[in-house]
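Engineer: Sequence:
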Amino acid sequence: MNLLLDAVGPTLSAVIALVIAVVIGLVLHWLLFRVVNRLTTGMPRVMIFQQALLDQVRRPLALLLPLIVVRLWLPTIAVALTDASILFLSDLLYLAAVVAIAWMLIGVVRAFEDLLVERSDLGESDNLQARKVLTQAKILKRIAVVVIAVLALAAILMHYEAFREIGTGLLASAGVAGLVIGLAAQKALANLLAGIQLAITQPIRLDDVVIVEGEFGRIEEITLTYVVVRVWDQRRIVVPVSDFLEKPFQNWTRTTADLMGTVYLYVDYTVPVEVLRDEHQRVLKECEDFDGRASGLQVTDASDRAVEVRLLQSAESAPKLWGLRCKVREEMIAFVQRECPGALPRVRAEMRERDSSGDGRLGPASGPDAQEPSPGSGGAEGGAVSSS
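Using my numbering, you'd call the opening residue of the sequence shown number 4 and step up by one each time.
These aren't lab readings, by the way, just hints derived from the structure by calculation.
Don't take every hint at face value.
Said to hold, decoys possible - Pairs of lysine-lysine, DSS-like flavour, derived with a Cα cap of 27 Å: (1) K141 x K250; (2) K250 x K288; (3) K330 x K288; (4) K330 x K135; (5) K135 x K250.
To be verified - Distance windows between CB atoms, simulated: (6) I240 x C329: 32 to 42 Å; (7) V111 x C290: 25 to 35 Å; (8) I240 x L34: 22 to 32 Å.
Remember, predicted model here, so these are calculated numbers, not experimental data.
Virtual Cβ for every residue (Gly too), placed ideally from N, Cα, C.
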């Protein structure tokens with residue numbers, strides 16, 4: 004260093020020394036990743052995590068290793084620098100090192116998340132465990148990132164004396180101001196704590212089928228403060244996390260993805276129920292979405308105009324159940340129209356007119372639509388006229 008100092012001067016020699024230190028750090032970075040890749044080659048169990056980890060920490064280490072070399076070489080470089088320059092360079096190295104370490108730790112957290120995502124298959128029919136793991140991983144990752152960022156910021160601020168004095172003064176006079184800030188941030192803090200509670204209790208998970216605010220959709224994203232629900236028509240509903248802990252909602256896949264659904268038909272009293280039941284079973288056997296767990300047809304209600312027929316069927320997931328219900332509804336309506344047109348809902352009315360004798364009594368209606376009185380019914384009873 005003294006020879007370099009004598010040859011080119013203090014300023015240029017310091018710059019050259021810094022450049023050499025940075026180059027050495029980058030070379031060490033390249034060698035480190037070459038060695039790690041060679042050591043882990045042929046180890047399939049760690050390949051996924053190793054690749055994810057290397058991808059996440061490659062750039063942070065490219066910053067951190069040159070900083071370490073420069074810091075180790077600083078006493079040698081300091082010969083060519085003034086005291087103020089040395090102090091500035093030391094602070095700059097500390098600041099960059101804290102940022103690089105925080106960046107690297109966040110990369111490690113993301114590597115673990117990538118590993119869990121790779122091992123979880125949401126394409127399975129019963130993906131409850133996969134959704135549970137992914138939900139916890141994403142929420143805990145966000146918590147870890149926030150904690151790392153706060154600790155890094157605290158480490159940077161506490162390095163400088165001026166900020167330590169400001170912090171002490173703020174703590175000493177935090178009474179009323181702290182109360183005001185706490186009240187103002189109460190809702191945000193409540194949502195933050197609700198997000199942590201959501202990760203632990205898990206009333207919802209990623210890809211859960213839910214009904215929220217009267218809308219049917221899937222859980223697309225869960226953060227510490229809000230949840231994004233993807234509605235069937237591709238709209239997104241953003242719901243505060245606290246709503247899932249304080250308000251009732253429907254979760255169709257809380258414990259399993261298997262579901263049962265119903266289709267209702269309203270038909271006339273003359274409908275042949277057994278014929279409908281046989282047709283329902285035929286439709287289900289021909290439909291690929293039906294999983295065979297449950298099926299049935301029951302008359303569940305009767306009004307003055309029609310009877311209510313409920314058709315039950317099951318499927319292994321919500322999308323398949325929706326398609327199955329639509330298919331059953333279409334096929335059964337077409338069957339009633341084609342094979343049992345008389346069983347379509349109709350309104351029955353009995354029409355009467357005044358007796359022509361003028362005594363005020365009602366007699367059967369006249370005209371081509373009038374029916375002959377049935378035997379023993381008397382002249383006062385008219386026939387039933389049906390209209391669809």
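Engineer: Determine for every hint whether it applies to the structure shown.
Structural biologist: Hints, one by one, checked against the model:
About 23 Å separates the Cα atoms of K141 and K250, which keeps this hinted pair within 27 Å; it holds. Between K250 and K288 the CA atoms are separated by roughly 40 Å; this puts the pair beyond 27 Å, and the hint is violated. Proximity of K330 to K288 is assessed by CA-CA distance (about 12 Å); at most 27 Å being required, the pair is judged to hold. About 32 Å separates the Cα atoms of K330 and K135, which puts this hinted pair outside 27 Å; it is violated.
Of the pairs offered as hints, the one joining K135 and K250 holds, with about 21 Å between alpha carbons and a cut-off of 27 Å not exceeded. Between I240 and C329 the beta carbon distance is about 23 Å. The supplied range of 32 to 42 Å is therefore violated. Distance hint check for V111 and C290: the Cβ-Cβ separation is about 48 Å, which falls outside the suggested range of 25 to 35 Å. Between I240 and L34 the Cβ separation comes to about 51 Å, which falls outside the hinted range of 22 to 32 Å.
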